[in-house]
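K.L.:
Start from the sequences, fold in the hints, and give me the full structure.
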Amino acid sequence: MNAETLDRLMMDRALGAMEGDVAALLDAYLEASPQAAARARQTRETVDLARRALGSPGAGDAPPPAYPRLRVQAAARARRRRGLLKQAAALAAVLVIGAALGALVSSGRLPPKVSPRSVAFLPQPEGPPWPLSAAVARADGGEGGFWSAGRLWNRRSQAAGAPPVSPLRRTPNSAQAPGGES
Amino acid sequence: MHRGDAMEPLADLYREHAPGILGYLRRRFGRRLCADEVLQETFAQAAARPDRLAEAESPRAWLFAIARNVAVRDIRRRRPAAPLPEDLAAPLPDEADLRLERMRRAVASLPVEKRETLELRLRDGLTYDEIARVLCIPVGTVRSRLHHTVRELCEALRPPQP
Chain V
2 MNAETLDRLM
12 MDRALGAMEG
22 DVAALLDAYL
32 EASPQAAARA
42 RQTRETVDLA
52 RRALGSPGAG
62 DAPPPAYPRL
72 RVQAAARARR
82 RRGLLKQAAA
92 LAAVLVIGAA
102 LGALVSSGRL
112 PPKVSPRSVA
122 FLPQPEGPPW
132 PLSAAVARAD
142 GGEGGFWSAG
152 RLWNRRSQAA
162 GAPPVSPLRR
172 TPNSAQAPGG
182 ES
Chain R
324 MHRGDAMEPL
334 ADLYREHAPG
344 ILGYLRRRFG
354 RRLCADEVLQ
364 ETFAQAAARP
374 DRLAEAESPR
384 AWLFAIARNV
394 AVRDIRRRRP
404 AAPLPEDLAA
414 PLPDEADLRL
424 ERMRRAVASL
434 PVEKRETLEL
444 RLRDGLTYDE
454 IARVLCIPVG
464 TVRSRLHHTV
474 RELCEALRPP
484 QP
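Respectively, the protein sequence lines represent chains V and R.
Numbering of the first sequence is given in the numbering used here, commencing with residue 2 and proceeding in unit increments.
Numbering of the second sequence is given in the numbering used here, commencing with residue 324 and proceeding in unit increments.
Honestly, I wouldn't trust all of these hints.
Here are a few chain R residues that face chain V, going by a calculated C-beta distance under 8 angstroms [unchecked claim]:
1) Ala334
2) Tyr337
3) Asp359
4) Phe366
5) Ala377
6) Ala379
7) Arg422
8) Leu423
9) Val430
10) Leu441
11) Arg444
12) His470
13) Cys477
14) Leu480
Some chain R residues well away from chain V (every beta-carbon gap over 12 angstroms; in silico) [to be verified]:
15) Leu362
16) Ala370
17) Glu378
18) Val395
19) Ile398
20) Arg400
21) Val435
22) Thr472
Source of the hints: derived by calculation from the structure; they are not laboratory data.
Please read these numbers as outputs of a predicted model, since none were measured by experiment.
Even for Gly, the Cβ is constructed at its ideal location relative to N, Cα and C.
P.N.:
Here is the structure:
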């Protein structure tokens with residue numbers, strides 16, 4: 002065992018911070034080493050003397066006052082009140098935010114919520130639901146870019162079984178235009 | 324169930340630890356604060372945090388820590404510019420033993436943190452882990468601090484070289 006480790010163990014032993022079985026092992030080691038045993042004895046005497054110098058707890062002191070029951074109960078009540086206030090404030094905040102959102106929706110500033118089911122039963126228009134910009138069609142080469150409205154409309158039409166409609170060919174007199182004549 | 328029943332564990336802790344905490348406050352801080360008042364405030368603050376009490380591995384260390392914080396705050400509130408007390412407050416009975424007197428002087432000359440750590444271990448009987456919780460330092464620091472302190476005290480007791 003190296004000197005530093007032995008020194009730390011002797012300190013812990015003198016300070017009373019060593020488990021019983023470990024203390025027994027250390028004592029057995031010290032029995033075999035008189036020099037180490039002398040150092041351990043000196044350390045133990047120093048700690049004992051320091052303990053006497055510090056005095057024992059409560060020696061010559063007045064006893065503590067009676068348990069402050071009323072003060073402790075008041076502190077516990079104050080804590081419960083603070084907890085209730087926090088919950089009430091949180092509930093009030095939720096109500097205010099909900100009321101504000103409701104007011105915004107009812108005033109028309111926010112779109113009403115539309116459920117997916119209601120969308121599924123809406124009559125599907127025969128053409129793109131929005132007018133296409135010729136400039137946009139020219140910009141993507143007429144075929145429709147990946148994110149083009151025409152491509153999106155064709156995907157929807159194909160899913161519904163209708164033939165794809167090129168948005169560039171759509172004219173007011175087209176057979177596939179709403180109300181058009183062939 | 325009466326609400327006061329929930330405070331009974333705290334009353335039990337008071338009966339068990341109040342003398343030790345009061346002794347610690349009186350010796351650590353002396354006449355600079357009213358130790359009785361700080362003791363009562365300690366348990367009032369403990370009552371305001373029952374969840375922390377339930378979680379504490381060592382209620383004694385937790386109460387010591389609260390007491391220490393309350394005392395420090397109280398002293399700073401009264402005299403914000405004054406340093407914290409460093410001297411041992413309670414005078415010991417007269418001792419004819421010269422070695423004991425030298426030890427008293429050696430302990431009194433220790434730095435505050437070392438002396439406080441030593442007091443918590445030797446006088447108040449706290450474990451290393453409890454001392455670490457009270458002082459908010461790692462357990463390893465407690466151990467090394469105590470070891471250094473004991474070495475210094477050994478050196479102080481050594482007879483001067485001729």
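K.L.:
Please go over all the hints and tell whether each is borne out by the structure.
P.N.:
Verification of the supplied hints:
Checking Ala334(R) against chain V: minimum C-beta separation of about 5 angstroms stays under 8 angstroms; hint holds. Because the closest C-beta pair between Tyr337(R) and chain V is about 5 angstroms apart, less than 8 angstroms, the hint holds. This hint holds: Asp359(R) has a C-beta 5 angstroms from the nearest C-beta of chain V, less than the 8 angstroms allowed. The interface hint given for Phe366(R) is met, as the beta carbon of that residue sits about 6 angstroms from the closest beta carbon of chain V, less than 8 angstroms.
Interface hint at Ala377(R): violated, since its Cβ lies 14 angstroms from the closest Cβ of chain V, which is beyond the 8 angstroms cut-off. The interface hint given for Ala379(R) is broken, as the beta carbon of that residue sits about 17 angstroms from the closest beta carbon of chain V, more than 8 angstroms. Contact between Arg422(R) and chain V, as hinted, is supported at the beta carbon level, the nearest pair being about 6 angstroms apart and thus within 8 angstroms. Look at Leu423(R): its Cβ gets to within about 6 angstroms of chain V, closer than 8 angstroms, so that hint holds up.
Nearest Cβ of chain V to the Cβ of Val430(R): about 5 angstroms, under the 8 angstroms cut. The hint holds. Annotation: Leu441(R) was flagged as interfacial toward chain V, and the flag holds, the nearest CB pair being 7 angstroms apart, inside 8 angstroms. For the restraint placing Arg444(R) at the interface with chain V, the shortest Cβ-Cβ distance is roughly 6 angstroms, inside the 8 angstroms limit, so the hint holds. For His470(R), the suggested interface contact is upheld, since its CB lies about 5 angstroms from the closest CB of chain V, less than 8 angstroms.
Given the 8 angstroms rule on beta carbons, the hint for Cys477(R) holds: about 5 angstroms separates it from the nearest Cβ of chain V. This hint holds: Leu480(R) has a C-beta 6 angstroms from the nearest C-beta of chain V, less than the 8 angstroms allowed. Distance check for Leu362(R) against chain V: the nearest CB is about 6 angstroms away, which does not clear 12 angstroms, and the non-interface claim fails. Not every CB of chain V lies more than 12 angstroms from the CB of Ala370(R), the least distance being 4 angstroms, so the non-interface label is violated.
No Cβ of chain V comes within 12 angstroms of the Cβ of Glu378(R); the nearest lies about 16 angstroms off, and the non-interface call holds. No beta-carbon of chain V is positioned within 12 angstroms of the beta-carbon of Val395(R); the least distance is around 20 angstroms. No Cβ of chain V approaches the Cβ of Ile398(R) within 12 angstroms, the least distance being about 20 angstroms, so the stated non-interface status holds. Its beta-carbon lying about 19 angstroms from the closest one in chain V, Arg400(R) satisfies the requirement of being farther than 12 angstroms from that chain.
Every C-beta of chain V lies more than 12 angstroms from that of Val435(R), the closest at about 14 angstroms, which supports listing it as non-interface. Listed as outside the interface, Thr472(R) is inconsistent with that label: its C-beta sits roughly 8 angstroms from the nearest C-beta of chain V, within the 12 angstroms cut-off.
The earlier numbered hints that this structure contradicts are 5, 6, 15, 16, 22.
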